[in-house]
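If you want the building blocks of each chain, they are given just below.
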Amino acid sequence: MSLEFSLLITVILISAVLGCLNGGVAYLILVERKISAWVQDRVGPNRAFYGILQPICDGVKLLLKEEMIPKYVDKLFFMIAPAIALITAFMALAVVPFGPTSPSPILVDYRQNSPTYKLAVWPSTQVEYDSVMIADRNHAAENKSVSFEDQVKNYNSHIQFVLAPHVDIGILLVFAIGSLGVYGVILGGWSSNNKYSLLGSLRSSAQLISYEIPLGLSVLGVVLVTGSLNLERIIQHQVDHGWNVLFQPLAMVLFGTSIFAECNRLPFDLPESEQELVGGYHTEYSSMKFALFLFGEYTHMITTSFLMMAVFFGGWHLPFITDPNDFSVFGIALKFAIAAGKTVGFIIFYMLIRWTILRFRFDQLMHLAWKIMLPISLASFTMLVFIIHFKPIGQESIWLMCPVSLAVLLGSGFIGLRISKPSAASTKTKVPYLGHGAGYSVQQDSKIRFESLGR
Amino acid sequence: MKAEEISWVKSPEFGVMDQIFLPAIFTGMVTTLTHMGNTLFSSKDVVTQQFPEQRPNLPANYRGVHRLNRDDEGRVKCVACYMCSTACPAHCIDIVAAPSPWPDREKYPEVFVIDELRCIYCGMCEQACPVDAIELTTLYDLTGHSREEMIFNKEKLLSVFDKTVAMGTDPVRTTHGRLGVASEPASRGVTGSSSMQT
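Residue numbers (numbering that gives the first Met the number 0), protein chains in the order written: chain L, 0 to 454; chain Y, 0 to 197.
Hints listed in this document are in silico derivations from the structure and should not be mistaken for laboratory results.
It should be emphasised that the depicted structure is a prediction, and the values quoted were computed from it without experimental measurement.
Cβ pair distances, simulated, as ranges: (1) L:Leu63 to Y:Ser10: 51 to 61 Å; (2) Y:Thr142 to L:Ala336: 48 to 58 Å; (3) Y:Met0 to L:Ile79: 52 to 62 Å; (4) Y:Gly143 to L:Val59: 19 to 29 Å.
No residue lacks a Cβ here, since even glycine has one placed at the ideal position from N, Cα and C.
If we strip away everything but chain Y, and leave its shape as in the complex, we get (with noise of 0.2 Å):
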């Protein structure tokens, strides 16, 4: 460190008053009373959330529970590319491919299985897909009576994707983000294939 760069601060000066400490405490008094009375007189500064009755508000990307997306068609989109699985750091994803029964892609995925206990919710898996059919929503309150129950199968995670449409609660990437190529309207699907495939 160069002498120049030191910036030389002085505390301030101590006099009789805050010697004695007396009136310094009695200011800290001051304080400590208008925060007390402006709670208990008009409630405008409580900044308490009443939890279970009010919900927090929380920014569209928030990293809950997952959604696996449905296309227009109400197909899975996902290719069964394995690119979340590779990619996720707590090896929580497990998904078996199958050949797919529709022509506009070579595979799907038979079971596409989440730990919720073992994911970290990085969400890494959401930024791999190539196909924007992994997402991470606002969801945060999962709860369940056993381990078993904590292992989301493909079937749940669809209803997830189900529950936050119809809760009007999409997550960044589908509300205003913008979606990677392969994740085009049907009508547009063959250029975005194509456009995969080069």
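Same shape as in the complex, but just chain L (with noise of 0.2 Å):
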């Protein structure tokens, strides 16, 4: 008695997932096409059947265009650069629930007289399985719970809607999958033998590094609060304890942050930041590895909606409406639609905050990842485990983690504004404005460094 693994469910599924994300990602370039248009007064592409025909144009433009390789690239990773970087954004989807999932049961070991001791290990020979399997049907049957064979039929007995079920790393596997798409950037930008793209590539392998890092701070409390890795647990504890947006607001708001920096998503562009870089590290690119490149950089955007919804949002669950239990047609459809409004929801975000926030300058943004969003994301992080450890006010203290979260953001803004505020010594020496022409600001006292100069 074991997790089953149906191959044809599992195919089935990864060529649905595949399908709808290609056609997705398609149409998300017209919505963020149209959306742009909204928010700037305009209309937004509206030939070829009022624009619903777009993508497919945009495709076969894209198919037929003429297929330019630069002469002096470096052949070899020029042409797996965008491979790579769709690859590994299609990868990190493996885990990520998009509907209705379940936990997998989890085989306790109940022949030892603690109750909570939980097998790490499952029992290496047949003779020790048969004997956990015995102790936890006696343990079953005295405390008239479900024994642990009856759970995996249960579970067994409806299809879970994620590409690779009961994946106790989950989220571990899509940071880490998600980061090594890094490389299809650095590779692209390096083997075009183009100094725009390899500065557009290095500014991106320095910001998915700083970024890493809050983002796996804030994660981290949900986990710790879930006491899983695996997101079709961190989904049902929502499901039964309550959102963890409700509980830990700044852990979601540095987790969003961090995922537009992964997804160089626009106040994170820089490196694409076609103003500064022609277009950054695909310049030297056309044809359809252009297009793979944008579709990479889409999924990935999917992927970290699918995983916001999950970790943060309580995936398919909505109070009230969505019944755990449920796996009927219509309630799986229903938590369907709650799962992919969400996403879709959070996907519409990304593209207003677009044209909310300008772009970061480069120094701006390692100043937001290092001095600002890492010292929040430990203090909130450092909070949370005292809370968790010591509960302050009981069962319930989870709760506290709300105003804590709002208190450590404050503390941050005022130890902010205490910092950034310009000492006494230094707003005495009036620096007279002559003008800002090449970017820098020249102090009058500065003549003698000028005619030294020869200026």
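Given two chains presented individually in distinct reference frames, assemble the corresponding complex, making use of the accompanying hints.
Here you go:
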């Protein structure tokens, strides 16, 4: 008796997800263009059947376009870079639940006296396995609970809407593979043999490494509360105890900001800032290779939106509407719609933020990651550890995390205010404004320096 | 720069709400959503012009395709003085003069060719013309299947005049600008030409 793995269902799910994903990405580009247009008081793409067939036109155009491979590129890496970008984006989606799921049952070893002792390793021999099973059945009979075998039977009776169910390192896998995506960007920029591409990819690597840390720290709190890295279990915990965003709003904000940076979305789109770097890392790419980069980026966006939905907003769960034990067609469709609705909501939020916040300068980007988000996430995580361990107001003390989050945020604001205020000494020396021609401010008494430079 | 010329500008003080970014982002988000809602639910702020169906209303001083003006009798106004082709910085005007078949002028252009692909639409030919014979119109969608097609000869330039007159989109000089002395109506043509000679 173990958890079944149905090859057929998995293959169907994979093809369905990849198919929907490709279509979805194509239409996301249309949605992005439409929303950009609306925000800028424009109409947006409205040819080709009111814009509905625009993605198909784009796809045909990109497929039929001339494929340019510049002469001095590193051909091998130039060819595989878009593929890496896309493959890593797809792989990260493997463990992210996109529909109704239920966590796989845990086998508890009741041969020990302590009932909370959980089996860390699956029994290695048949004899050991049998004895564990017998103990489990006896425990279930004594406590009138469901035995492990029945739980497994129940679990196997319905489809899990996740490509690779019961992966216990789920969220870790998403981060590990998601950050591999930077390889596509770096290889693409480096092999292009172009300064702008290289600059874009270097920025990208620095940015992704910096934002991994607040990303990990903000999710760590959720993992700590749930006690598992398994995304299905994280959703189940939220179904039982309430959504994580209610307890850890600050972690949600930090997570959201970090995934913006991870996806190279607008306030953090320095790798491809077209005003500075021509096109960023994909300057030399054309035709379908360019489209693959675009696809990878939007897939990344979808994956992170799914993750946000699963980790902080209860996955398919909506209070009073969804029933965790309802596995009828209607129930599954409802949960599916709720999960999809939340995800689409985040994607639209992504696109609106693009037209709300300006792009950061590179030093501001690093400042935000290392001097603001890292300390805040560390502080909030430390508070969470204290609350979980000492339980100041009893069993429900996790609710304390909400005011504590606000306090951490305001506290960091006050500290930032004190730090950013110029000291009394520096305010005394007035610097006259003489224009900022070449991007530096000119001080009046710096004439000597200018003369020595011969200007 | 003198000290009294310097005006001191102080940047606004940062409060706690500015320091934690989130309220500022929220207000920004409200602006974004307001614009989006306005565009979606009332299209009065939409600036888009549906180009091939909707044509822009260009001002009369727009510098588009040239035309060669006709006088009251329907003859070409040009006197083949070569001033436009001399003024032309792109050297796109080619004129061959011939003795005029009409008594009121010495020469007329036998050939008048403008290479519209070479032209930079600066309007200097228009300014140079003493008889207001050449003008730039508001026609802007100039297309052709070959380079040869884009070299406009006298007949084509005169047809542009007929077309713009029919459309009622005369250039600014003809509509309400002050015309040169030489382009007075035919009834006063004698005084016009005499003033030119003096």
